[in-house]
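As they're listed, the protein sequences go chains A and B. Note that the working numbering gives residue 300 to position 300 of the first sequence, counting from 1, and the numbers run on in steps of one. Note that the working numbering gives residue 199 to position 199 of the second sequence, counting from 1, and the numbers run on in steps of one.
In case anyone wonders, no lab produced these hints; they're calculated from the structure. Not one of these hints is a red herring.
Think about it this way: if two alpha-carbon atoms lie no more than 30 angstroms apart in a straight line, the pair counts; the simulated DSS-like pairs of lysine-lysine are:
(1) A:K214 / B:K131
(2) A:K22 / B:K139
(3) B:K9 / B:K168
(4) B:K203 / B:K9
(5) B:K189 / B:K131
(6) A:K214 / B:K139
(7) A:K214 / A:K22
(8) B:K9 / B:K186
(9) B:K131 / A:K22
(10) B:K203 / B:K168
(11) B:K168 / B:K189
(12) B:K189 / B:K9
What the simulated footprint calls covered on chain B by chain A, stretch by stretch (three residues with Cβ under 8 angstroms from a Cβ of chain A suffice, anywhere in the stretch; the number is not a length):
(13) 65-78
(14) 81-90
(15) 98-105
Using C-beta positions, here's what the derived DEER-type ranges look like:
(16) B:K9 / A:I215: 34 to 44 angstroms
(17) A:T43 / B:P127: 56 to 66 angstroms
(18) B:A10 / A:T21: 56 to 66 angstroms
(19) B:R235 / A:T209: 56 to 66 angstroms
(20) A:W208 / B:P127: 29 to 39 angstroms
(21) A:R136 / B:Q56: 11 to 21 angstroms
Each residue gets a CB set at the ideal place from its N, CA and C atoms; glycine is no exception.
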Amino acid sequence: MNTAVAAAPELRQIPKSSFDTKPLWLLAVVVLGAIPAIGSGSTWLTLTVAGLAMGFIVFIIASGLTLVFGLMDVLNFGHGVFIALGAFVATSVMGGMAGFSAQGGWQSLVSIFCAMLVAMAVAGAVGLAFERLIVRPVYGLHLKQILITMGGMIVGEEIIKMIWGPLQIALPLPDALRGSYLIGDASIEKYRLIASAIGALVFGALVWTLNRTKIGLLIRAGVQDREMVESLGYRIQRLFIGVFVAGSALAGLGGVMWGLYQQNVSPQIGAQVNVLIFIVIIIGGLGSTLGCFIGALLVGLMANYAGFLAPKVALFSNIALMVGVLLWRPQGLYPVTNR
Amino acid sequence: MNAPLLELKAVQTHIGAYHILHGVDFAVPEGEVTMLLGRNGAGKTTTLRTIMGLWQASAGEVRFRGQAIQAQRTPDIASQGIAYVPENMGIFTDLTVKENIVLAARNAQHEGDLDRARLDWIFGLFPALQKFWLYPAGKLSGGQKQMLAVARAICEPRALILIDEPSKGLAPSIIQNLVSAFRELKRQKTTILLVEQNFMMAKALGDQVAVMDNGRVVHRGAMAELVENESLQQRLLGLSLGAHQ
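Isolated chain A, as found in the complex:
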């Protein structure tokens, strides 16, 4: 007999487990608190959309890293190489399709879509090799993980320089994504809206996968207790490889989006973003997807608000955010139980 279990009548009397809304309130406080500090509503709206777009892109990049750490306790400091790889692959794909995308309109969007798909595929494939050759020999050895994955990133950067050259390469936005929408005096860039939409889509897909599928259930369980998942008869190693590849592919996608956001790419792009994504996963709580999402939005907003209000402390703003959050919640915004 295969029928869903009816909720017991007593269930109505059981207090629902309350969702922790405090990190969401923190996000609201940051967003609303910026209004009086900035003074101008239109500037605030422009900065907020820019911050959210940046946050969504950072989330796409960081989500794989937090799952990899949560699931297998692996500190992958080489995650940045997949960002750079994705961005450079995009320059090649979009360069190769330049004639096609020059027709403008939907053709340019198709070329971006193709660039994203190829970048994800290449980053995922390289991620598979990276896990097999570099990460697997150092499971459980944190110091060696840090050293070897950083080494892997340096080697990766050098290989990128060999293929694409050491110089910065332009990754211009296609005409269809250039320009802004004006809402009153606020200028909302089209690409930032697209980036936010893609980020929201990735977040929705991750949440759906983690909460509605057996694979997601295994990942969430594996983040808490790998040994018990294996004792239930599941090969967590295969799951980890899958998550590592997916995380690398997402970093590749994030690299394309970050490159388009900056409109240029350099071999050091991964190392530059690496600092941000580690701040994000620490703020969010290592292994927590929701925490990573909120952390990424906070980091994006803080970078934009601070860049406008006090440019001299902009670089320091996210470190200050991390320190503040950790003083409040030492395990991050949404700590993963059992870690």
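Based on the hints, put chain B in the right spot on chain A.
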């Protein structure tokens, strides 16, 4: 005594530099409850973990249904129908009770795939699990978590269930509840290897017993024999049943 389902022959286990099991020998007969008793640090938990492949045996043989499994990996061992309830219960606290059960039922992709009749049977054994079905497992009490841990082990038919100290830290009424559930499993001829320090629970459930000390089995036999013989209890376990009654 029935034919053995699980046999350990001269099993030795090292954890790092420490030599924990020094040649463990005993058998678990099919359809019976075998108690593994002994003082703290005797090697009971290590024995269960070695059977599950969570720690590798450095010597000796673990045979399940006549086949050597000591070199196999934990998921492969579990897939042969061996369920394990660890001492810390291994509950996924961020998952709901339902999700814990769906995860343990390896053939189920979601709640609808669960065997409803078996689930009703489990709810009969542990009504609290039905009540808290959609509740995060981390919010359950210690006793309810233990019930969930056992429920996970029996949510699909298993050939052998390994349970590590289920009564540890629980109130007497909860222990009684667990004893009733294990009795029901025993009535259904489920093969169980149960590590326990609570001698009253062991007495209530055990068909066979193996007593460990310093990483070795120092006594094997029928549970009834140990229950009858107070001097043996005193010698092996440092207790007398009379003092516990």
